[in-house]
Amino acid sequence: MTDRLFRYFFGFLVIFCGVTIYFLAGNPPSDINGTVHEEYPSMLKSGSTVMWLDGSKWLSLLYGLCVIVCFLFALWVGGMRNGKLGPMLRWVLLGFLIYFLIYLSLTYTWWNSSGAPPTKYIGGFPPASAWMIYGMWLFPFVFMVMYICYFPNWIYTDEDDSRFNQILENGG
Amino acid sequence: MEEYRNPIVLTAISLYMLLCIGVGLWALRRTKSTKDFFMAGRDLGVMVTAFAVFSSTLSGFGFVGGPGLVYRMGMSSVWMVVCAVMGFNLSFYLLGKRIRLLAELKDAVSLPDLVAARYRSNSVRFSVAVAILLGVLGYLATQILAMAFVLQDIFRQTEFWAQISISHAALFSCAILVFYSVTGGIVASVYTDMIQGGIMVTAAVLIFFTVLYTYDGGFTEISSIIAQDDPEAIGPWGTLGMVGCLSWLFLFGLGGAGQPHVISKMMMNRRVSDARYILPVSNIGYLISALLWISIGLVMRALVLSGQHPELAAADAAAPQFLLHYAHPILAGIVFAGLFAAIMSTADGFLNIGTAAVVHDIPQALGWKISNELLSARITTVVLAILAAVFALYTGDLVAILGAFGWGTFAAALVPVIAVGFNWKRGTALAANVAVIGSLTINFVVKIFAISIPYGIDVGALALLFSLTSYIGISLFSSPPTLDVKVSQAMDL
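Sequences listed follow chains H and Z, in order.
If you count by this note's numbering, then the first sequence holds residues 1 to 172, one letter each, in order.
If you count by this note's numbering, then the second sequence holds residues 1 to 493, one letter each, in order.
In case anyone wonders, no lab produced these hints; they're calculated from the structure.
On a predicted model such as this, the values are computed, not experimentally measured, just so you know.
Cβ coordinates follow ideal geometry from the N, Cα and C atoms, glycine included.
Each hint should be verified, as a subset may be incorrect.
What the hints assert, rightly or not - Here are the simulated BS3-like cross-link-like pairs (lysine-lysine), alpha carbons at most 30 Å apart as the crow flies:
(1) K45/H with K120/H
(2) K106/Z with K84/H
(3) K84/H with K486/Z
Unchecked claim - Residues from chain H shown here face chain Z by an in silico Cβ test under 7 Å; the list is partial:
(4) G64
(5) L65
(6) L75
(7) F96
As the list claims (entries may be wrong) - Counterexamples of contact, computed for chain Z against chain H with all Cβ distances above 12 Å:
(8) F250
(9) L287
(10) A450
Using the sequences and the hints given, assemble the complete structure.
This is the structure we're talking about:
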C-alpha cells in the first residue's frame with residue numbers, strides 16, 4: 001500500500017510540476033505582483049490579477065488544489081501504520097474535503113468580488129479574506145484534535161511502547 | 001509616563017538579558033556531556049519542549065519583518081502565518097513520534113546522526129550537515145544583524161550611548177547570546193526559549209488589543225480604510241497575487257517539517273508520548289504570537305493611508321513606529337523584550353545545530369575523531385557566533401541573500417530527506433543526495449543571479465517541489481535499500 005501511495009503521489013507531483021512550469025513559462029503582465037503605491041512608495045498597490053487572465057485563473061485554482069493534495073499526502077503518510085490509516089482514514093478525508101471546500105469558497109468569493117471596496121465585513125475582514133483567516137487558518141485545528149485523540153490508540157500505542165523497549169533491549 | 005519611555009524600554013531589555021544570563025549559569029551545572037549540550041539529555045518536559053518548538057519557529061522576522069511585509073503588501077504575507085496551524089500538524093504527524101524513536105534508538109545528538117542511521121550513508125550525513133551549516137550561517141547572521149539594529153536604535157535615544165556603532169551593538173547583543181549558549185548549551189537554549197515564548201505570547205496579546213482599540217471600529221474600520229485605497233490589498237491575496245501567495249502556503253505549510261532548529265527539539269522530550277501534548281501547546285502559542293505580525297502591519301497601513309501617521313521611511317519600521325507612537329511605554333518595553341526574545345530564541349537554536357554540524361557531523365562523515373567534543377562544542381559556539389557577526393557586518397548583500405532564503409533552503413533540502421524518508425523505507429541515499437544538492441543549487445542560482453520568477457512564485461517553493469519529486473521519483477526507480485534492522489523495526493511502529 002505504501003509504495004502504491006507513493007507511486008500515485010509521484011504521478012500527482014508530475015502534474016504539479018506541469019502546472020508550475022506553465023506559470024514559469026508564462027509571460028504575465030508586469031504588474032501582476034503589484035506596483036509601487038503612487039502616493040506612498042513604502043507600500044505596494046495591487047496590479048493585474050489572475051482573475052482577468054482566463055487560462056491562469058483556472059490553473060491558479062488548480063495550483064492551490066495541488067498544494068492541498070500535498071498536505072493531505074503528508075498527513076496521510078505521517079498517520080499511517082503498516083500502510084494503513086485505519087480509523088483515522090474517514091476523518092482525514094472528511095477534514096480535507098472541508099478544507100478544500102473552504103479554499104473553493106475563498107476563491108469563489110474572491111472571483112465574485114467586483115474589485116470595488118467591499119460593502120460587507122465578516123469578523124473585521126471582507127468575506128473572501130474572512131474565509132482565509134477563519135477557515136484556512138483555523139480549520140486545521142481539527143487535525144490537531146485528531147492527533148490528540150488518536151495518539152494512544154493508533155499513532156503510538158502502549159504495545160508500540162513495549163515493542164520499542166524490546167527493540168532497544170535485544171535488537172528486536 | 002511618556003518621558004520615561006526609553007528608560008522603561010531599556011530596563012525591560014536589561015531585565016530580560018539578566019534573566020538569560022541567569023539561565024545560562026543555572027544550565028551550566030546540568031551540562032556534563034555532549035548529549036546534554038546538544039540534546040538536553042533527552043529529558044525535557046512537555047511545556048519546555050512545546051515552547052522551544054514554537055518560539056524557535058517565530059524568529060525576529062515575525063516581530064519586525066512580518067509586520068513590515070503586511071504593511072507593504074497587504075494580506076499577501078499573512079499566508080506565511082495562515083499555513084502555520086496546518087504546518088505544525090504536518091510536522092508532528094510526520095516526525096513527532098518517528099524522530100524521537102530514532103533518536104533514542106541510535107542515541108543521536110543531531111539530525112545528521114539520524115540521517116546517517118536511516119540511510120546508512122555518510123555522504124547523506126555530509127550533505128545534510130553542509131546544508132544545515134550554510135543555512136545556519138545566513139540565518140544566524142541576519143538574526144545578529146537584526147538584534148544589533150534594534151539595540152542601536154534604542155541606545156540612540158539615550159545621551160550616553162547615542163553614538164554607539166552597529167558593530168558595538170552587534171558585539172553587545174552577541175555577547176549575551178554566546179554566554180548562555182556556551183555555558184548551558186541546548187539546556188540553556190530551551191529554557192530561555194520557554195521564557196522567550198512566554199514574553200512573546202504576552203506581548204502579542206497586549207499588542208493585539210492595543211491595535212483593536214486604535215480605531216473605534218476595530219478591524220472592520222482598519223480593513224475599510226485599506227479597501228478604500230486598494231480593495232485587493234485587503235483581499236485574500238494582497239498585492240502579490242494568488243499564485244505567489246499559494247506558493248508561500250506550500251513552502252511555509254510543508255516546509256516546517258524541514259526546519260532543523262525546530263524539528264531537532266522534537267528529539268529532546270522525555271517520552272515519545274509527550275508529542276501528543278507538545279503539538280497543541282506549540283500550535284496555540286504560535287497562533288497567539290502571530291497576532292502581532294498581522295495586527296501591527298494592517299493598522300500601520302491604515303494609519304498612513306488615512307493621514308494619521310506620516311509615511312514610513314521603510315516598511316520594516318512599521319513595528320518600531322507603532323510601539324513608539326501608539327503603545328503604552330510599559331507595553332513597548334515588554335514588546336521590545338519580546339522582540340529580543342524572538343531573535344535570540346531562534347539564534348540560539350541555530351548556534352546549537354551549527355556547532356553540532358562542525359564538531360560532530362562533518363567530522364563523523366569524513367571519518368575524523370574529535371577528542372573532548374564538549375570542550376570543542378563550547379569553543380565552536382563562540383567561533384561560529386563571531387564568524388556570523390563578522391559575516392553579518394562585513395559581507396553586505398551576501399548575508400541578505402543567505403538569510404532571505406533560510407526557510408526555503410532548509411525546507412527544500414530536508415523535507416524529502418527527513419520528513420518523507422523517515423516514514424518511507426524505500427527512500428534511497430542517492431535520492432536524498434540529489435534532493436539536497438539539487439535544492440541548494442536552485443536556491444543559490446536563483447538568488448545569486450537575481451532571477452525573477454513569474455507570478456511571484458517563491459524560489460523555495462520551486463526548490464521544494466523539485467526536491468520532493470526527484471526524491472520520490474529516484475527512489476521509486478531504484479532498487480529498495482537495505483535498512484538497519486533496528487531502524488526498520490522502529491519505522492514499523
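So, going through the hints one by one against the coordinates:
no. : hint              : verdict
1   : K45/H with K120/H : holds, 22 Å
2   : K106/Z with K84/H : holds, 26 Å
3   : K84/H with K486/Z : holds, 21 Å
4   : G64               : holds, 5 Å
5   : L65               : violated, 10 Å
6   : L75               : holds, 5 Å
7   : F96               : violated, 10 Å
8   : F250              : violated, 4 Å
9   : L287              : violated, 8 Å
10  : A450              : holds, 15 Å
Consistency with the previously given hints fails for numbers 5, 7, 8 and 9, ordered from lowest to highest.
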